[in-house]
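4 protein chains.
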Amino acid sequence: MSEFQGVVPAIATPMTSDGVFNEAVFRQVVEFNIQAGVHGFWVAGGTGESVLLDDAENRQIAEAVADQGQGRVKNIMHVGAPTTKRAAKLAEHAAKVGVDALCCVPPFFYRRGIEDIVEHYRVVAAAADIPLFVYNLPGATGVEITPDMMKKIQDGVPQLQGLKHSAPSFANVRIFSKMGLDCFIGSNRLMLPAMTVGACGCVDGPLNVFPELWVAIWEAYQADDLAAAVEAQDRATSAFEVLSSCGGSFHAWVKAGLSERLGVDCGDPRPPGQPLSEAQRGALREALETLDLVTTSVG
Amino acid sequence: MSEFQGVVPAIATPMTSDGVFNEAVFRQVVEFNIQAGVHGFWVAGGTGESVLLDDAENRQIAEAVADQGQGRVKNIMHVGAPTTKRAAKLAEHAAKVGVDALCCVPPFFYRRGIEDIVEHYRVVAAAADIPLFVYNLPGATGVEITPDMMKKIQDGVPQLQGLKHSAPSFANVRIFSKMGLDCFIGSNRLMLPAMTVGACGCVDGPLNVFPELWVAIWEAYQADDLAAAVEAQDRATSAFEVLSSCGGSFHAWVKAGLSERLGVDCGDPRPPGQPLSEAQRGALREALETLDLVTTSVG
Amino acid sequence: MSEFQGVVPAIATPMTSDGVFNEAVFRQVVEFNIQAGVHGFWVAGGTGESVLLDDAENRQIAEAVADQGQGRVKNIMHVGAPTTKRAAKLAEHAAKVGVDALCCVPPFFYRRGIEDIVEHYRVVAAAADIPLFVYNLPGATGVEITPDMMKKIQDGVPQLQGLKHSAPSFANVRIFSKMGLDCFIGSNRLMLPAMTVGACGCVDGPLNVFPELWVAIWEAYQADDLAAAVEAQDRATSAFEVLSSCGGSFHAWVKAGLSERLGVDCGDPRPPGQPLSEAQRGALREALETLDLVTTSVG
Amino acid sequence: MSEFQGVVPAIATPMTSDGVFNEAVFRQVVEFNIQAGVHGFWVAGGTGESVLLDDAENRQIAEAVADQGQGRVKNIMHVGAPTTKRAAKLAEHAAKVGVDALCCVPPFFYRRGIEDIVEHYRVVAAAADIPLFVYNLPGATGVEITPDMMKKIQDGVPQLQGLKHSAPSFANVRIFSKMGLDCFIGSNRLMLPAMTVGACGCVDGPLNVFPELWVAIWEAYQADDLAAAVEAQDRATSAFEVLSSCGGSFHAWVKAGLSERLGVDCGDPRPPGQPLSEAQRGALREALETLDLVTTSVG
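Chains as they are written, first to last, in the working numbering: chain D, -2 to 296; chain R, -2 to 296; chain H, -2 to 296; chain P, -2 to 296.
No wet-lab data here; the hints were simulated from the structure.
The model shown is predicted, which means the values in this text are computed figures rather than measured ones.
Just so you know, not all the hints are guaranteed correct.
Given that identical chains are not distinguished, each listed pair holds provided it fits within a single copy or across any two copies.
To be verified - Below, in silico cross-link-like pairs of lysine to aspartate or glutamate (EDC-like), each with a Cα-Cα straight-line distance of 16 Å or less:
#	residue 1	residue 2
1	Lys86	Asp51
2	Lys175	Glu228
3	Lys175	Glu238
4	Lys82	Asp51
5	Lys175	Asp231
6	Lys86	Glu54
7	Lys82	Asp15
Construct the complete structure from the given sequences, taking the supplied hints into account.
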């Protein structure tokens, strides 16, 4: 197994009350997660409001995460963009400032043939020459990377290292793994099941709110303790379900959950994302108290 | 956990060369699987060519499987039909001849609202008064039973015991299980992962060709042996992949695989299903030889 | 243009209060429609509860429609069934009793490859040797017949005459028509637009409740009167929208609408189809009164 | 009917060989289309490579199209962007430089609830206070605006004027029109059929290559000449089919078709879009010659 594995939170992008990237709080979230035992970060990806950030913000985030980590974890930086040129420039910068790998959604908005997708990845990866992860996120991009398509990417992009698999075709986890790829499952609820069929770990947003819950799954699995792994996954999923049922959008409750738990202000989602209502915020606070499984802070 | 659990092959419906149900060979397949350690059967379901059978055949199959099993395994008889009346009559008969439970697809062809689906299940279950399993098979029926819909079925149908979940929404396995339902995963490749999030076992067609491979998963899981369970699932999935890659339709290669492995003639799929070509049959024979993991016969 | 064209109601299958086919009332509905100027019938199809009927009922309906029509209209009899054998037997019978053409859904429930679909149609059509219409109804069958697939059916089935196109791909109407097929549009709301790109007419259930509204579209179109055709389509669609908004399932309100309008009892849908509630029935009665565009009876 | 109607080409965004917006050639394409009798333009939309353009380019294009038109046609400027802020700024600018209306895709990449979509449109429209068109393009955005959703937009956004409907639900054209919206059909092949059920015209990319073909449909329709309209639509669709069958992506052949027809160089699609291969370019040249229906230049 490669060095890319384990619990890899898709980290949020905290904002100030003016809607600007809040680097200080971002570094606190990074540090909190490292202290909790995570193995890496998926940075400025889906949870990190990716395509809502401008390129200068993406660059600042890459610098901050690399600097804060100081080699303690593996940072996988998202560089997806509507044009190949913009994605390649972000990739070049990210590699220069010391992230460990890139991740990139396939071209989105317009539907592209696989040849165009391969060429996009080839150019982006060549601009950086560090390992590349495909971000298989059909719910956002409109295209699901199938094993056949991935084979063509693998043939055309020497830097291909793996993928985050956030698609309904769960059985493809095993197929991607057997292709020699590091396959992170993109759903926090499926970390354990995915690992039993070859996944190398999990990348998802809720992990950066409660990293210790998924670290527990990882540790039980490494210890070959099936019963403990099953119990740890059950607790983690329960925490996710409680929080996500408080209402509001994914970005809103992830940021609010982090704010409450760390005692910082991660800000609101960037519009068109909307903040939690007061009622939703109250429900979330209550939910956090109920989850006494998580009252012991990690950091 | 209830008495319905474990390795429950979706058993094929062998036919004579005239295309008539071959009870003698069917009993041989049943016996072979019981000897291999399976815990029950899913009878005349998707693998068993269900809606291609006429009602007299369905009744004969119910009688045969109950008689052959003699209480050694749990038989779950499929009684789905286009009309509620036909399904209810099949249910009544099945209970009379001694099967242990019913399974039933929701109404198909015409799209129905959930109220109509609940009423269908209520009438069918009331005709038998033995446990009922919902067959969640959107690829065939066009309707996916979601947790919300299942809650309404649970409220309206006292006999509801569980389901076979053959839908892409893998994360629903846990939700159905937490509802107190026996949730069998409907994919042979996902038995182990599904069990780690609450599934009570697996129902699928390939299991009746190589029952020992899935029995091995079950036994490793019961022994809390994670590494062995992972390895057993990997071997089972490999066997499935080898066979299914020989070409031909699912029914064709399941029947051919059984015929080759047991040295009997299970016949061809009922048209519009088509038999394997000679080349496909040859490839399947070769594949079976290659899989020396399965050369030791069970029966 | 062939002899198959124009306004071809998908006729309901009236039932007695015991749920048995009501031939006397069926003949009244046929006669009412013929008097209103329709050009044919689509019999025992989707509106006619097709796969909910048993084979004896299908045969009785074929006999009744052929006998009642006495050559005045073109009767297209549905013979789709889960197995090829059953469909072929129904086809053979239908041709014998004098219907003018067959229609048949592709194999449903199990997903079939195009080769299996062609073979199914080949066998069914060969059993009758009268013109055959494909029933392109992906909402019920799970398979959409694309132009490429239709080309293979055309190559393999000499009796292929056309299709009813009830699929979202509206632009395919022109493609099918350019292939030399009689393409009936399967949506009452799209008769006029479809004719402007090659459709030969319309087949749908609401047509048998208000045949004169769609006959008016046909006549305006034949008279090259664009403004009148647009107005006629608008009135027809309005009538459909008013009725369908009264609640209840499609079969329920089509049958109830016919019962109210003709002063007969068409009965209820066969379960799992459910009848209108009293409130829905009342709303439908009121709606019919409101639609004074249709108070002048045709028959 | 409002002033927004008729033949409204979705105009391409010509690029130089360096991949920079080519304003001179853009103005030539605008002028060519105006001379051919079009009624407006859909600018920097799907055909215009919309989200692949940076904001400075979007502003330059808005200025150029307003200046070139000089009030002769209605210019509808696309201002969709991943964030509400960017879209609103583009809207503000577009209104200032004199375009006649805005169009805007709903938020894309992340799936948003209808409340968030309404708020997005409200803010964008308020920044400009000129008429707004919704761009219903689920193939690119992942969200189909249904009539129910549109009602909420209509209630929340006073500037709402209409939409471009590029979704499979063809029957919704009538529903949107009855809501008082200007509904442009988004498929060149469906201009005539859509107009018979209420569409106010057509917006699509092929129109800017052969504007006279769709102007002919419009004129026949205004003259109430059904037969001529049917024939004009048939010729227009044939031209589209011939060109689109030469291979290559939509943007590639639209730009190449314009280049060949006008004797200018519209450049290639912006990557990840790929140019035509030499063979595809040759096939397109031959196709243009074959289409002698279009050899008479308009300009």
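Checked hints:
| no. | hint | result |
| --- | --- | --- |
| 1 | Lys86 with Asp51 | both (13 Å within a copy, 15 Å between copies) |
| 2 | Lys175 with Glu228 | between (27 Å within a copy, 14 Å between copies) |
| 3 | Lys175 with Glu238 | between (31 Å within a copy, 12 Å between copies) |
| 4 | Lys82 with Asp51 | both (14 Å within a copy, 12 Å between copies) |
| 5 | Lys175 with Asp231 | between (27 Å within a copy, 11 Å between copies) |
| 6 | Lys86 with Glu54 | within (13 Å within a copy, 19 Å between copies) |
| 7 | Lys82 with Asp15 | between (29 Å within a copy, 12 Å between copies) |
No hint from the list above goes unmet by this structure.
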